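Protein chains: 2
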Amino acid sequence: MVSSLRLPTLTSLFSPSSFARRSTVTLRRRLHLRPPLAAGSYAQSAASSPPETEDRVEGKKSSRVQERANTDRVITPRSQDFNAWYLDVIANAELADYGPVRGTMVIRPYGYAIWEAIQDYLNVKFKETGHSNMYFPQFIPYSFIEKEASHVEGFSPELALVTIGGGKELEEKLVVRPTSETIVNHMFTQWIHSYRDLPLMINQWANVTRWEMRTKPFVRTLEFLWQEGHTAHATPEEAEEEALQMIDVYTKFAYEQAAIPVIPGRKSKVETFAGADKTYTIEAMMGDRKALQAGTSHNLGQNFSRAFGTQFTDENGQRQHVWQTSWAISTRFVGGIIMTHGDDTGLMLPPRIAPVQVVIVPIWKKADEKTGVLNAASSVAEILKTAGLKVKLDDTEQRTPGWKFNFWEMKGVPLRIEIGPRDVSSGSVVISRRDIPGKQGKVFGISMEPSILEAYVKDRLDEIQSSLLERAISFRDSNIVDVSSYEELKEVISLGKWARGPWSASDADELRVKEETGATIRCYPFEQPQGTKTCLMTGNTAKEVAIFAKSY
Amino acid sequence: MVSSLRLPTLTSLFSPSSFARRSTVTLRRRLHLRPPLAAGSYAQSAASSPPETEDRVEGKKSSRVQERANTDRVITPRSQDFNAWYLDVIANAELADYGPVRGTMVIRPYGYAIWEAIQDYLNVKFKETGHSNMYFPQFIPYSFIEKEASHVEGFSPELALVTIGGGKELEEKLVVRPTSETIVNHMFTQWIHSYRDLPLMINQWANVTRWEMRTKPFVRTLEFLWQEGHTAHATPEEAEEEALQMIDVYTKFAYEQAAIPVIPGRKSKVETFAGADKTYTIEAMMGDRKALQAGTSHNLGQNFSRAFGTQFTDENGQRQHVWQTSWAISTRFVGGIIMTHGDDTGLMLPPRIAPVQVVIVPIWKKADEKTGVLNAASSVAEILKTAGLKVKLDDTEQRTPGWKFNFWEMKGVPLRIEIGPRDVSSGSVVISRRDIPGKQGKVFGISMEPSILEAYVKDRLDEIQSSLLERAISFRDSNIVDVSSYEELKEVISLGKWARGPWSASDADELRVKEETGATIRCYPFEQPQGTKTCLMTGNTAKEVAIFAKSY
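Heads up: the sequence lines are chains A and B, in that order.
Count along the first sequence starting at 1, add 8, and that's the number in the numbering used here.
Count along the second sequence starting at 1, add 8, and that's the number in the numbering used here.
None of these hints come from the bench; they were simulated from the model.
A hint or two may mislead.
For identical chains, the list gives no copy identity; a pair is met inside one copy or between any two copies.
To be verified - Using 35 Å as the maximum straight-line C-alpha spacing, the simulated DSBU-like pairs for lysine-lysine come out as follows: (1) Lys155 / Lys541; (2) Lys522 / Lys176; (3) Lys450 / Lys135; (4) Lys133 / Lys378; (5) Lys298 / Lys260; (6) Lys176 / Lys298; (7) Lys398 / Lys135; (8) Lys374 / Lys551; (9) Lys260 / Lys378; (10) Lys522 / Lys400; (11) Lys277 / Lys224; (12) Lys558 / Lys176; (13) Lys260 / Lys558; (14) Lys400 / Lys558.
Nothing here was measured: the structure is a model prediction, and the numbers come from that model.
Kindly produce the complete structure, drawing on both the sequences and the hints.
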């Protein structure tokens, strides 16, 4: 333990509430935090204004310290301790904070804005593909959950139950929705009568609750936000097409917006959603090379329609059970963005989902320079806002420009524009890229002339967007290794990489791999190599390669 | 009871689930439904295709009947039974349905689209006025609720409590948020240190739970959707300004978007939010002249900051408690829209929040007319969509044009465009207004030429928007009566109207009015008459007039 070296950074550790009586060590264990280390690259890389000394006293409130708390923390280097780095980034960039109840999370404005960017894109795509938004109640009668056998098995250990309402013990316990298939089917059964009512294609943006034991901000929390799509179709073919269409929407989103080169594929039977016939997934490689399941789309077959009697009269007058799908992406995706692109300096955001795409830092020393610089900065901000960009002008006088450079780099803003007195005279600005550190990423003398500036900034943002994706692709590809035997698989996994190999072995073998290596089948990727394949475990013929990896 | 005259219309009454074993009469009582009456103006007003006979058998499923169920129901005339009319409109227009748990509601796509229109407008206004969206967990430790004395008194009878999580009894019961002031203050206490952290202005879109005994779709449900704004300020003046600013945002929204001429004002002490110093409200008059509290904004003073120790260091280095506000609008507002504008035919939606602003109905008889008519209809749809309008082309062949006219009128679509073979030849269309029934609202020969058509349609939509507001204003004003004595007040209330009169009497007198008349002080309106005033109850001098009315 190195906690004595440096005091913890999360404001929640200083909570004056009833929870504060727990020691911070307990809290850290409770939240699976590791204490941040002493040497922080963020402070080290500060170009100016040396970091103020950390003089907090654990458990004691000092107002001066707190005033600085938000901005002068140190981020553990990513290479040193990925998990500590992740938590430091979330705290320092003010993405989220811990809620008072174990495993819950408060999503702060900067983190929520990333979620809003995800929503804005997907919401349009869902409507374009024929889905309507609606809202189902979050309280589900306990008996509903029990109707679909594998569903109850999968979810019952994770349920939060309401047993008291309006001061009275309830006759039937209510489940706080962990997912909505059951209540959706209860309602679909009332709305679907004929083939003319199909397909029925809906989506809801909602909160869901799963009583997880091991939590981690964004990645796995007791309550999280998501969208869940639910559809009903007249034929199995249509349901399959829909499930595939939606995993494709997610894949495009991941590549084009989040610059995350996910691998889309099919889950193994062992990893399939509780109640689904097939689960499609997008798997992302995080910076520590662990896999993150970033979105799933399920072909539910007739499992829920049989359990809930969701039938329709087909064109021949016959009653049939509907074929269904469900699909979801959650606030976990925000964790995926952090862990894909971040570096020792902090967050690095793809321009298309960055809450701030360009930060403008005015620089002056003498009083007589101030007006000119601030006017120029405002006019540059206006030009870029008019061009549809998300711009932040940081004109506070409480901080030095150097401090601001570091702060906004840590917050992952893709581009920084600096404007000083000399820039004002020459009618130009200095532009720095977040993804290329130091002088290499800095260009001087970009004209303030609106059309030139707008074009330059937009081109750079496009370049950053592409560059982040390319970098992630090359990281991913250099960490996936083809294996043809279990020995090779074990070695690759022990190196922290992903193993890809032909697989046609049993569920028992798959579980054995998990026990012995910690890795699971992430998916059978859609993209399959040509040629005959021999199962790495059994030596039998295999139809497909599977990807094995440790995962979140 | 007239339930034997006609069978019930809500699909939920035919639920095949475990809940179906309850008789429909029980269900109706449980849901505060009244059985719809036999004579329905909707079917009567059908211009063509006589309504098919209602041949359902209560409790028995007939697939043929169900196929027609959604569209051939009868709406109780509004004048006959306002409550039955309201529930019929919600069922027939597919705005919402009952959830499986008592008092919960499923918001269906058409109803949710109205909520989305509300969100789209307000979300922009909140950001323009400096607020950021974020998200707080919905589970609140029970001890939090107890910290603010009047808050716990107000909310504890309505709480839903989670007592079991992950299969285990919890050490501390968790409240499913009824509102978030407590958890917000718990977090604000950790984030606010200095005056430089103020003002802190946030908003969240979320679901909330209140264990209400008497529920009604949209108006009062066990779970509902809302936005809740929460702000913290350095001075009481700033907090007051913020509370007033937000009630003003709501007022403008109500007038300009929803065409609801709400009366903004201040709540009496008796009606003030549990934990607030002052509550501002917008009060709307529904079609039955009952008042609906459609939005509130609270000046919380230092009540929560003292309870939670939310302090900041001011510019002089002194520790002070912050001054706060909170404000909310919920899915209840959708109920307000229905009950303000609807008529015997069904829903009537203001164009600015209508999910469909223009419906296009192609009309043909002979096969050789079909292609020409459908092509023209598609091209008209395209013209209007390109102009940014929300357009629905109803080209299904399963229904007659007359049936479609009625259906979309019932759904409240502001404008209908009819296109038949003769219109195709003349290059023109027929346009009907939802707000002016029959021939008066119908205009022939509007050119299909894009610029002419677009201008005509947009002008008509603007006219409808204004006309709905004017109509609602004149209805409101003809139903508010100035009173100067308690006798007059009682008479006005007994006539179902609103009474406005000078008031400076005690809380006890206010409660007596409620007991004796069923009316409460809806607000002290911001707009006050000039001159000296004498309290209608006590004869003492009064500073203000108050508005009394029965309410939802």
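Going down the list of hints, with the structure as the test:
1. Lys155 / Lys541: Classified as neither: same-chain Cα gap 40 Å, cross-chain 66 Å, threshold 35 Å.
2. Lys522 / Lys176: Close across copies (28 Å), not inside one copy (46 Å); limit 35 Å.
3. Lys450 / Lys135: between (41 Å within a copy, 32 Å between copies)
4. Lys133 / Lys378: between (46 Å within a copy, 32 Å between copies)
5. Lys298 / Lys260: within (21 Å within a copy, 51 Å between copies)
6. Lys176 / Lys298: For Lys176 and Lys298, only the inter-copy Cα distance (31 Å) is at most 35 Å; the intra-copy one is 46 Å.
7. Lys398 / Lys135: The answer is both: 25 Å in one copy and 13 Å across copies each meet 35 Å.
8. Lys374 / Lys551: Neither: 72 Å inside a chain and 56 Å across chains, both beyond 35 Å.
9. Lys260 / Lys378: Classified as neither: same-chain Cα gap 46 Å, cross-chain 39 Å, threshold 35 Å.
10. Lys522 / Lys400: neither (47 Å within a copy, 53 Å between copies)
11. Lys277 / Lys224: Classified as within; 26 Å inside a copy, 45 Å across copies.
12. Lys558 / Lys176: between (46 Å within a copy, 29 Å between copies)
13. Lys260 / Lys558: So Lys260 and Lys558 pass the 35 Å test inside one copy only (24 Å; across, 54 Å).
14. Lys400 / Lys558: Cα proximity of Lys400 and Lys558: none, with 39 Å in one copy and 49 Å across.
This entry does not satisfy hints 1, 8, 9, 10, 14, going by the numbered hints stated previously.
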